[in-house]
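What follows is the residue order along each chain.
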Amino acid sequence: MSPHTDTPVSHTAEREAVIRNAGLAPDEDWVIVTRNIQRDYDMGGEVVHALRGVDLAIRRNEYVAIMGPSGSGKSTLMNLIGCLDTPTAGEYWLNGMLVSDMSDDELARVRNREIGFVFQTFNLLPRATALHNVELPLVYAGVPSQERKRRATQALERVQLGDRATHRPNELSGGQRQRVAIARALVNEPAILLADEPTGNLDSGTSAEIMRVFESLATEGQTVIMVTHEADIAAHAKRIVVLRDGRISSDERRDTFAQRVALAQAAH
Amino acid sequence: MSGVTPSRSASPSRKRLTDVPFLEAIRLALSQIRAQKLKSFFTLLGVTIGVMFLIAVVAVINGMGRYMEEEFAGKLMGVNTFTLRHRPYFEMHTTDEEWRSFARRPRIYLHDVEPVVKALPPDIMWAVESRDQIPVSTKDMRPRDVEAFAVDGSFFEIRNLNVASGRLIAPHEFASGAKVVVIGQDVKKRFFPTTSALGRELRIGGVPYRIIGVMEEQGSVFGLSVDKFVVGPMNSPLARLLNRRFGVIDGIILKSSSMQGMRDGMERVRQVMRGRHKLRPAQPDNFSIETTESALTFWAKIENILVMAGIVLPALGLVVGAIVIMNIMLVAVAQRTREIGIRKSLGARRRDILSQFLVEAATLSTIGAAFGILLGIGLAALVAQISPMPASVAPWSVVTAVILGAGVGIISGMYPAARAARLDPIVALRQE
Ligand SMILES: Nc1ncnc2c1ncn2[C@@H]1O[C@H](COP(=O)(O)OP(=O)(O)OP(=O)(O)O)[C@@H](O)[C@H]1O
Ligand SMILES: [Mg+2]
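Residue numbers (this note's numbering), protein chains in the order written: chain Z, 1 to 268; chain W, 1 to 432.
Check the hints yourself; a few may be wrong.
To be verified - Not the full set, but computed from the structure, chain Z residues with beta-carbon under 8 Å of chain W:
(1) Leu84
(2) Asp104
(3) Ala108
(4) Arg109
(5) Phe117
(6) Asn123
(7) Arg150
(8) Ile248
Stated by the list, open to error - Cβ-to-Cβ under 10 Å is the rule here; a few derived chain Z residues that face chain W:
(9) Asp42
(10) Met43
(11) Arg164
Said to hold, decoys possible - Stretch-level coverage of chain W by chain Z, calculated; a stretch enters the list once three of its residues show a Cβ under 8 Å from a Cβ in chain Z:
(12) 337-347
(13) 417-426
Because the hints were derived from the structure by calculation, they are not lab data. These numbers were taken from a predicted model, which means no experiment stands behind them. By construction, the Cβ of each residue, glycine as well, lies at the ideal position given by its N, Cα and C atoms.
Between the sequences and the hints, there should be enough to build the whole structure, so can you do that?
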């Protein structure tokens, strides 16, 4: 076990200091707090600085879009937030827990309980039915079979796929596959829902349909962080963070003018 | 603080190997086995063949061993019995050198019998015998090879031979060398299939002998009948057909009433014969004294070699199979790296992935071992059917085979699984 679980108080204090130093309101419900988070890739001697120090704080129930040019580090940041990857340096608190020095098993648990991740390429198990795919996080959470079925069915119904439970991914359209992936991401009621270009592999009609799903989830109070290239998709979000060369270049709350500026910047 | 979930609450699930229930894991394994048919086929094949041969080979050897102890030793030698011969009857690895030295040894003679028997306590039974394969015939039947014995003393008692009909050779017939014989069941059936053999004539070396008794059925050893024999008096002309030189015999058989009596007797006979052959203390014996144990020791030597071969060869096969399985597993895991990435991204821990692969390997190996057991038992039964070798399946070989087979399957599934389970989710997800 990593030391932070033995001394939660000092880390909480540290986190609060980080929040105060960043000029954030300490009484708000910050579900994600990162401080100077970095990620280097060692490419055979040459080091690629994918993230050069990112400070980001996200409140519960926020709907955040992450934009930026290709190679700016969006996916790298998402993978770190989603605990699929570990930072080279810096701290990351998720729901008050210092994730950046957790053990393997603790990370697995965080991925299982706190995070729902939606990928551009869906990442469904090809041989499993839609229902079984959605059940997987519950399997690793140790939920008994009966309840697993019930909750997975519910999650599928939530994305209007109740009638496709027994279909395998290759029997579903792209949009349907992505909705299965969303159902899977939601089934454990995670603290945050992450999506890295969730509509990147879909046509515009299907994209709009998927965006409506995210929109309604956000309206219901789900914390959503989404990477996108498309300005009209980002326009749905209440906050737009723009990355450039591994750093945050702008971070704007929704307000028509500011958003327009952010979108203009991102389009560069 | 905001709805903080302390990660301590992860503790209860730590007690279990995995949160995935066992049946679930088996079901998953079976579907995976079905999905990766080639990998499954080779794993099954490797384990099945290894287990099958191990069981079958050990069964055959075991069968021979049991036969040796129960049938051969008892039937042909008898307990607390030892024989004096000029060279060993049961001997392995006879070099040309040894063979020549055996040939130079003085033979055992009829006149050795009296001094030998005199040196022994009166409770010891004795017999002399010469034996060889020679043809016998009747007036109207073609000759046929049988095991012919020329004997004297308590031959029938020592060998536990009883008549089914007629009588044994009487003392006065032994003394006079009467031309009478008793015959085994096979000889009776061969020459007198429908009529009684008693009082009839059997020609041995052109000389007619009168049949006075037919012996009880003995059965067979290694599928060879031991009922194909005739026994006549040592003093009859028969002896000259078996050992040309007059007075030469194959050996003296001695039976004591106890193990200790046998051991003492063997030492006394040794001293008597050393004296008769005028051996100086430094010279080795130039005769052989053998017991039932010699026969069993002889067998034990063969058996050890056979068992070694019977275990080492299939085990080698299993090791080769393991390497093949491991390679196939590595490929299988590489193909499934993305699946491992997906599972890890959804919260599977290292041990979840590991146990998934282990259950898969174990399920496959168990199925393979089960097939192997059935085929091995079948093969052993087949060998017993079509060859004279009796085969009986040894329980320990089944256990060993299953442990080996399943072990090989599990270990070869373990290594790639352990590698796969260590991957970072994002690394695994990036692979195509
Ligand atoms: N596994 C890796 N190994 C080495 N370099 C990497 C790796 N992953 C990303 N990078 C590098 O890190 C930088 C950021 O990559 P990242 O994938 O985060 O960009 P992105 O903003 O998601 O781009 P895109 O919009 O094209 O998806 C790039 O320069 C990329 O080449
Ligand atoms: Mg990206």
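Taking the hints in turn, this is what the structure says about them:
| no. | hint | result |
| --- | --- | --- |
| 1 | Leu84 | holds (4 Å) |
| 2 | Asp104 | holds (6 Å) |
| 3 | Ala108 | holds (4 Å) |
| 4 | Arg109 | holds (5 Å) |
| 5 | Phe117 | holds (6 Å) |
| 6 | Asn123 | holds (5 Å) |
| 7 | Arg150 | violated (16 Å) |
| 8 | Ile248 | violated (21 Å) |
| 9 | Asp42 | violated (13 Å) |
| 10 | Met43 | violated (14 Å) |
| 11 | Arg164 | violated (19 Å) |
| 12 | 337-347 | holds (count 9) |
| 13 | 417-426 | holds (count 3) |
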